[in-house]
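Those sequence lines, one after another, are chains A and B.
Per the working numbering, the very first residue in the first sequence carries number 1; after that it's consecutive.
Per the working numbering, the very first residue in the second sequence carries number 1; after that it's consecutive.
Just so you know, these hints were derived from the structure itself, not from any lab.
Treat the hints with care, since some could be wrong.
With a cut-off of at most 30 Å between alpha-carbon atoms, the simulated DSS-like pairs for lysine-lysine come out as follows [said to hold, decoys possible]:
1. A/K279 - B/K266
2. B/K138 - A/K125
3. A/K201 - B/K265
4. A/K306 - B/K265
5. B/K73 - A/K201
6. B/K73 - A/K217
7. B/K18 - A/K279
8. B/K272 - A/K316
9. B/K20 - A/K211
10. B/K190 - A/K316
11. A/K217 - B/K272
12. B/K20 - A/K125
13. B/K220 - B/K73
14. A/K217 - B/K190
15. B/K266 - A/K286
16. B/K265 - A/K279
17. A/K217 - B/K265
18. A/K211 - B/K190
19. B/K73 - A/K317
Chain residues, written in single-letter form:
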Amino acid sequence: MGNILALCEFNGPTLRSSALANLAFARAAATAHGGEVIALLVGAGAQAASADAAKYAPKVIVVEDAGLAHYLAETYAPIVARLANENGATVVSATATAQGKDLLPRVAALLDAGMASDIASMTAKDTFVRPILSGNALSTVQISTPIVCVTVRQTEFEPATELGSAGAVTTAAAGAIDALGATFDRLDAQKSDRPDLGDAKVVVSGGRGMKTGENFKVLEELADLLGAAMGASRAATDAGMVPADWQVGQTGKIVAPNLYFAVAISGAIQHLAGMKGSKTIVAINKNKDEPIFQVADYGLVAEWEKAIPELISEIKKLKASR
Amino acid sequence: MKILVPVKRVPDPTQKAKIKDGHIDLTGASWIVNTFDEYAVETALRLLENGADGTRAAGEIIVVSIGPEDAAKEIRTTLAMGADRAIHVVTKDSEIDALVVVKVLQSIIAAEKPDLVVMGKQAVDGDANQVGQMLAGKLGWAQATFAATLELAGDKKSLLVGREVDGGVEYKRVPVPSVITVDLRIVGSKSVKNGITPESHNYSGEGARLPSLKGIMAAKKKPMVTGKLGDYGAEAAPVIKELSVTLPPPRAAGQIVADVPTLVKKLADEAKAL
Ligand SMILES: Cc1cc2nc3c(=O)[nH]c(=O)nc-3n(C[C@H](O)[C@H](O)[C@H](O)COP(=O)(O)OP(=O)(O)OC[C@H]3O[C@@H](n4cnc5c(N)ncnc54)[C@H](O)[C@@H]3O)c2cc1C
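With the rest of the complex left out, here is chain A (with noise of 0.2 Å):
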């Protein structure tokens, strides 16, 4: 196999979380079929970013512009599609985070390449597993072009851990930025101090059931006395009571944490496949028919009013006794 080009966002001087999912599946792709892992990192900032990403990568390829001070698909994609090219790879990757899932499939028209999204696992040099149908179905395709773009579901790959020493990083010309007429307006940005949803051990999901946004803060309270990220339903976040990068599902974050809230979530097929790869789940639920129930490793059957206050007391109990 030729060599992986692992596209790394980042974030100030270091890489973001995602990015070492991405990391982990180039290191096993390359272990197991041949090849090199060289991460890409592409904008403003990059080479600040480039020692961090040197400790997880053989070779870093750095490309920074003052024409590309902002993301663009439009000003991305071509940079990245002439380094494939320019550094034999014959597998583009990226985790599946908005960035990623897109600019890649951009990459790929540019190379002529048949994609896969959102990977599992890769099985041969051109054969993947990824979740179909809200994840209720997992397919493997082999994908016949000669070079083949794919995005890793961030879930499925443990980060990649630090190797020995640090690799090379080398610098490229970003050549002619043209965005086609597109700008970067603003971006209104939802500033958090809790994890990322993407990589926390504990996340604590409200739903339609939770009524206001002012109600999440019990559950806001819970998540900071644990650590956890939160998350909600498309029911809460359309509803506008928290903002839409809350959204746990098939169209929203994919999440796998050790222990997951879902509090007055009824289990919709499409919020299940957000959460369904968490190791712990509980339910907390007023009516015990609901599907949620069925994933549930524990489930109970009560009012949140009542029920997130008792369950704030008992966790602080516990720790308190420890």
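Starting from the known structure of chain A, arrange chain B with the ligand on it as the hints suggest.
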């Protein structure tokens, strides 16, 4: 403004997945318009109409579907919602993949010269989320994926698109023509602003509109052109082959706990999760 909306049918997601001979068994399945594609048709309508009185002075919505003969029924549904005409490229699902679909769409776009392509962000059967981005890449057009809000500029030469990304909402401006893929919240009550619908108007916010009886009658007379892959310069040569499909093992049965103290005790001692 001329808007092209690619749509496909998908098996109703509420049906239980069954396997036969190593692949999903779709015999006797019931089919629906892919929900995100339905949202794309809804979006196209909202871009052109006056939502307050339901009138539309100008513009055209063309739906395109590449799929089996039977899909004509789901295509009619989108015409009944209000799209104006349809192009149905008849193939077997096994003969196409994302790149084949993109090739067909490219050729239709070359002939129709739409101002905008509006499509669903993903099909809820394959969950691949690729075609919009690939199409934009092949056309050399800008793309705005996962659109939750759209605002058409006064001169109709660009759109400001609110995109749900990790950590917030990104606003991106794209010119006309470009490719837009829509996310769930595009059907919110005020998600699409076209400068025609009064600011005070609220759409239902409960998903895409249902076809009215009048719409269903009208759809029967709307033009639907059918063709084959070859008519659009494409061939049945998918590069992706599905080798097999398996069902993941079901989760082990859980337990109902009596009260909160029991729950906490079990989480701590049994699950070792606290
Ligand atoms: C194309 C598509 C994609 C979708 N993607 C997603 C997705 O990614 N994620 C997602 O979550 N959904 C998604 N959905 C929506 C999904 O189908 C459901 O509509 C949604 O998950 C329902 O959210 P909910 O469980 O909060 O609401 P409901 O189904 O209304 O459930 C509310 C629950 O609250 C309980 N409840 C009410 N009051 C109380 C109380 N006081 N105490 C305890 N319990 C109470 C009720 O018993 C009920 O079970 C998608 C749908 C479509 C069509």
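Do the hints match the structure? See the list:
no.: 1; hint: A/K279 - B/K266; verdict: 14 Å, holds
no.: 2; hint: B/K138 - A/K125; verdict: 26 Å, holds
no.: 3; hint: A/K201 - B/K265; verdict: 19 Å, holds
no.: 4; hint: A/K306 - B/K265; verdict: 18 Å, holds
no.: 5; hint: B/K73 - A/K201; verdict: 46 Å, violated
no.: 6; hint: B/K73 - A/K217; verdict: 47 Å, violated
no.: 7; hint: B/K18 - A/K279; verdict: 25 Å, holds
no.: 8; hint: B/K272 - A/K316; verdict: 16 Å, holds
no.: 9; hint: B/K20 - A/K211; verdict: 43 Å, violated
no.: 10; hint: B/K190 - A/K316; verdict: 43 Å, violated
no.: 11; hint: A/K217 - B/K272; verdict: 26 Å, holds
no.: 12; hint: B/K20 - A/K125; verdict: 27 Å, holds
no.: 13; hint: B/K220 - B/K73; verdict: 10 Å, holds
no.: 14; hint: A/K217 - B/K190; verdict: 27 Å, holds
no.: 15; hint: B/K266 - A/K286; verdict: 20 Å, holds
no.: 16; hint: B/K265 - A/K279; verdict: 17 Å, holds
no.: 17; hint: A/K217 - B/K265; verdict: 24 Å, holds
no.: 18; hint: A/K211 - B/K190; verdict: 21 Å, holds
no.: 19; hint: B/K73 - A/K317; verdict: 60 Å, violated
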